[in-house]
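J.: Chain X is already provided as a structure; the job is to place chain Y on it using the hints.
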Amino acid sequence: VSVDAVVVGAGAGGGAAACVLAEAGCSVLLLERGDLIRARDDPRDHLAPLGGPIPGLDAPASHARPLVAGGRPWSLLGAVGGGTLVWGMQAWRFHPDDFRMASRYGVPAGSSLADWPIGYDELEPWYVRAEHQLGVAGDETPYAPRSAPYPLEPIERGPVGDWLASGAARCGWATFTPPLAVNSTAYGGRRACVRCSECLGFTCPTDAKNGSHNTFVPRAVATGLCTLVTGAQATRIKTDGRGRASGVDYLAGGQRRSAGARVVVLAGGAIETARLLLLSASRHHRAGIGNEHDHVGRHLQGHTYPVALGLLPPGVPNPNRGPGPSVATTAHNHGNPGVVGGGMLANDFVKTPVTFWRMCLPPDVPRWGLANKRAMRELYGRSIDVKAPVQEVPTPENRVTLHARLRDPAGLPLPELAGAVHPETLRTVEFVRGRLLAWLHASGAEPTWVPTEYSRGLSDWFHQAGTCRMSADPRDGVADPSGRVHGHDNLFIADGSVHVTNGGFNPALTITALALRTATDAATALT
Amino acid sequence: VRARFPGVEALLRRLSAFPSLDAALHALGEGGDDAFAALVEIVHAAYYADPRSWASIGYTTHLPGRP
Numbered sequence: 001v002s003v004d005a006v007v008v009g010a011g012a013g014g015g016a017a018a019c020v021l022a023e024a025g026c027s028v029l030l031l032e033r034g035d036l037i038r039a040r041d042d043p044r045d046h047l048a049p050l051g052g053p054i055p056g057l058d059a060p061a062s063h064a065r066p067l068v069a070g071g072r073p074w075s076l077l078g079a080v081g082g083g084t085l086v087w088g089m090q091a092w093r094f095h096p097d098d099f100r101m102a103s104r105y106g107v108p109a110g111s112s113l114a115d116w117p118i119g120y121d122e123l124e125p126w127y128v129r130a131e132h133q134l135g136v137a138g139d140e141t142p143y144a145p146r147s148a149p150y151p152l153e154p155i156e157r158g159p160v161g162d163w164l165a166s167g168a169a170r171c172g173w174a175t176f177t178p179p180l181a182v183n184s185t186a187y188g189g190r191r192a193c194v195r196c197s198e199c200l201g202f203t204c205p206t207d208a209k210n211g212s213h214n215t216f217v218p219r220a221v222a223t224g225l226c227t228l229v230t231g232a233q234a235t236r237i238k239t240d241g242r243g244r245a246s247g248v249d250y251l252a253g254g255q256r257r258s259a260g261a262r263v264v265v266l267a268g269g270a271i272e273t274a275r276l277l278l279l280s281a282s283r284h285h286r287a288g289i290g291n292e293h294d295h296v297g298r299h300l301q302g303h304t305y306p307v308a309l310g311l312l313p314p315g316v317p318n319p320n321r322g323p324g325p326s327v328a329t330t331a332h333n334h335g336n337p338g339v340v341g342g343g344m345l346a347n348d349f350v351k352t353p354v355t356f357w358r359m360c361l362p363p364d365v366p367r368w369g370l371a372n373k374r375a376m377r378e379l380y381g382r383s384i385d386v387k388a389p390v391q392e393v394p395t396p397e398n399r400v401t402l403h404a405r406l407r408d409p410a411g412l413p414l415p416e417l418a419g420a421v422h423p424e425t426l427r428t429v430e431f432v433r434g435r436l437l438a439w440l441h442a443s444g445a446e447p448t449w450v451p452t453e454y455s456r457g458l459s460d461w462f463h464q465a466g467t468c469r470m471s472a473d474p475r476d477g478v479a480d481p482s483g484r485v486h487g488h489d490n491l492f493i494a495d496g497s498v499h500v501t502n503g504g505f506n507p508a509l510t511i512t513a514l515a516l517r518t519a520t521d522a523a524t525a526l527t
Numbered sequence: 528v529r530a531r532f533p534g535v536e537a538l539l540r541r542l543s544a545f546p547s548l549d550a551a552l553h554a555l556g557e558g559g560d561d562a563f564a565a566l567v568e569i570v571h572a573a574y575y576a577d578p579r580s581w582a583s584i585g586y587t588t589h590l591p592g593r594p
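Same order as they appear, the protein sequences are chains X and Y.
Once you know that position 340 of the first sequence is 340 in this note's numbering, the rest is easy, because the numbers rise by one and skip nothing.
Count along the second sequence from 1, then add 527; that gives the number in this note's numbering.
One chain only, chain X, in its complex shape (with noise of 0.2 Å):
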C-alpha cells in the first residue's frame, strides 16, 4: 500500500487530521489500534471507570497496556474515536496564560515548566473550527477573547446549577456555564441529548455526545480517499537515510503490514506515539526518530484533581440527570497567591453508584456494614461534587521509556511510565481544594468533606501530555512550532503529546485544534 498520508491513531488528534488530509484530496490510510464501537455494543458496565480494563472498550488484550512502575497496569482506551468516544464533553479552550507559564511563573527547581512556542492568538481561529466542526454547547469565554460563538446553545443549567452560582457569586467569583461537546439541539445530522445519566466513561446511547468517531472519522472516510483500518497496531516509522518519514509498519488481522506514505501523521496519544518514536531507532537515530536532544518521553503531564463534597440543603433538589458540570468558574486559573497556576472549578458528572461508594463517601463512614448502607442511601441524591483539573508543573523525569523486559504480544516492549507529581502542583492542588470548599460553605452545604482517594500519584489516569513537546528550538523539545517533528520535514504529530503544559482544563479540544492546524499544514505539504 502506498499513500498521500498515514495516520496513526483515530481519537481526537487523529480523526481530525484524518479528515482535514482526505477533505484535501490526499489518500489516507487511518490505522486504529482498536475497534469501531457502536453504542448498543457498549456493555455499560459501572465497574468500567475504576481504572481496570473496560470490557469491549479498552485495548483489544492483543495490544498490551503500559505499565506503571511498579506493575500497576494504565488504562488506555482503544477505539475509534479513543477519548472522545466515552469522554465528559468537556471542550475547554485554553487560558492564554496557560502557554506562558515559565514567563509568568518562572521554573520551579527540578521542573521542565516551559512557554509554548505559539500564544493562544495563534491557535484561537483553530479553536472556532475545531468548536464548529465537533459541536460544543456553550455561551462564553469569559477568560479569553473569542471571534465566534458557540455553535450550540448550553445545556440548561438547572437547580444544582444555580444554587452553585448563588454561592460562587457570594464569593466574588463570576461563572458561566462550562462548554460540552454534545447537541443540546440537533446538530450534525444526530439528536439531541436526552439527559440520561451514562456519560462520562460511556458511549452514548443517542449518538448526541460529539466526538471524533461521529464527525471527522466519518467525514473523513466520506470522502472515499481515507481507509480506516481497525485493529491496526503501528511497530514503526520508517524512514529513509536523509530523515523523511517514508511509511509506517504496523499489523493487522495477525499479520505484518507495511505502507509507504509521503507524510505521516502521529496520533496515538502522548504514551503511544512517544513508544512509537523510540520504537523506530534505527542506524541512523540511534536513540528513536526525533530524540537527538533525549526529550521524547519526558515531561509527561496530566491533571491532578482536588476534589470536594458536600450535602445540598433541603429544597435543592439534585435531578442526577446527565450531561453533568452546568457552572464552572476560571477565577482560580491563574493568580492565585503563591502557587503556580490553578484550574477550572466546575460541578462534575453524575456519579456511578459504583463510583461513589469508592471515592465519594466522608472519610468517617466505615467501608461495610449498616452505617455503610444507610450513608449511601442518605448521601447519594443529596450530595453533591466540585472539582478541578489543577495543571501540572512538567518534570523530565516523568516520562514515557520502554520497558527492559516486558514485551507485548507483538514482541515489542511495554511502554513504562515513572516518575511523581511535582511539589509545586501538590501545593497548587491544596490551594484549589480550599477554593472547593470555600465555593461548596459559600453555598450553603453542610456537611462538606474531601474524599480519602483523589490522586494516583503520577499525574492521574487519563489527560497524558507533554511526551513530544513542541519547541521554536530543536534543543528543547520533539515538534516544531507547526507540529513537524524537528530534522523530519514529512513526520508530523497531532495529539496532546506536543502539549508543552497541559492548561488548568479538560485538553481535548486543545488536541483538536491543534490537530486540525497542524494537518492543514501537512495538507499544504503534500498539494
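Please keep in mind that the hints were generated in silico from the structure rather than gathered at the bench.
Cβ atoms here follow ideal geometry from the backbone N, Cα and C, with glycine treated the same way.
Hints should not be assumed to be uniformly reliable.
[Said to hold, decoys possible] Chain Y regions said to be covered by chain X (calculated; three or more residues, Cβ under 8 Å):
#1 560-568
#2 579-590
[Claimed, not checked] Ranges between beta-carbon positions, derived for each pair:
#3 Y:Gly559 to X:Val107: 38 to 48 Å
#4 Y:Arg529 to X:Ala418: 31 to 41 Å
#5 X:Lys373 to Y:Glu557: 10 to 20 Å
#6 Y:Arg529 to X:Glu140: 48 to 58 Å
#7 X:Ala418 to Y:Ala537: 29 to 39 Å
#8 X:Arg257 to Y:Asp560: 44 to 54 Å
#9 X:Pro125 to Y:Asp560: 52 to 62 Å
#10 Y:Gly559 to X:Pro319: 31 to 41 Å
[Said to hold, decoys possible] Which residues of chain Y face chain X? A partial, calculated answer using Cβ under 7 Å:
#11 His571
#12 Ala572
#13 Tyr575
#14 Ala576
T.: Chain Y alone, transformed into the frame defined by chain X:
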C-alpha cells in the same frame, strides 16, 4: 468475586474458624486485615455495579428500558 479476588477461598476458610459470621467480620475489620479490606472493596463494587442495587440509593439512568 472469585475471578477478581483469587484469595477469597483462603479468606472463607479463615471465616469458618469463627463462632459466628458477625464476629468474624468484625474481627477482620477491626484487625485491619488487608485481605478482608480487598474483599470488601470487590464485593461493594460488584454490588453497586449491579442495577438491582440502584433503586436502594435512588440512582436511575433516565433511559427507557434501563433501570
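J.: Against each hint, give a clear statement of whether it holds in the structure.
T.: Here is how each hint holds up against the structure:
Under the rule that three or more residues need a Cβ within less than 8 Å of chain X, the assignment of the stretch 560-568 of chain Y holds, with 3 such residues. Under the rule that three or more residues need a Cβ within less than 8 Å of chain X, the assignment of the stretch 579-590 of chain Y holds, with 10 such residues. The hinted window of 38 to 48 Å between Gly559 (chain Y) and Val107 (chain X) holds, with their beta carbons roughly 43 Å apart. Taken as a hint, the range 31 to 41 Å holds for the pair Arg529 (chain Y) and Ala418 (chain X), whose Cβ atoms sit roughly 33 Å apart.
A beta carbon spacing of about 19 Å between Lys373 (chain X) and Glu557 (chain Y) agrees with the range 10 to 20 Å that was offered as a hint. Taken as a hint, the range 48 to 58 Å holds for the pair Arg529 (chain Y) and Glu140 (chain X), whose Cβ atoms sit roughly 53 Å apart. Take Ala418 (chain X) and Ala537 (chain Y): their Cβ atoms lie about 33 Å apart, and the range 29 to 39 Å holds. Taken as a hint, the range 44 to 54 Å holds for the pair Arg257 (chain X) and Asp560 (chain Y), whose Cβ atoms sit roughly 52 Å apart.
Checking the proposed 52 to 62 Å range against Pro125 (chain X) and Asp560 (chain Y) shows it holds: the Cβ atoms sit about 59 Å from each other. Restraint check, Gly559 (chain Y) to Pro319 (chain X): a C-beta distance of roughly 40 Å satisfies the suggested window 31 to 41 Å. Here the hint on His571 (chain Y) is kept, as its CB sits about 5 Å from the closest CB of chain X, short of 7 Å. Annotation: Ala572 (chain Y) was flagged as interfacial toward chain X, and the flag holds, the nearest CB pair being 5 Å apart, inside 7 Å.
Hint on Tyr575 (chain Y) holds. Least Cβ distance to chain X is approximately 4 Å, under the 7 Å limit. Evaluation of the Ala576 (chain Y) hint against chain X yields a held restraint, the C-beta minimum of about 4 Å falling below 7 Å.
Taken one by one, the earlier hints all hold for this structure without exception.
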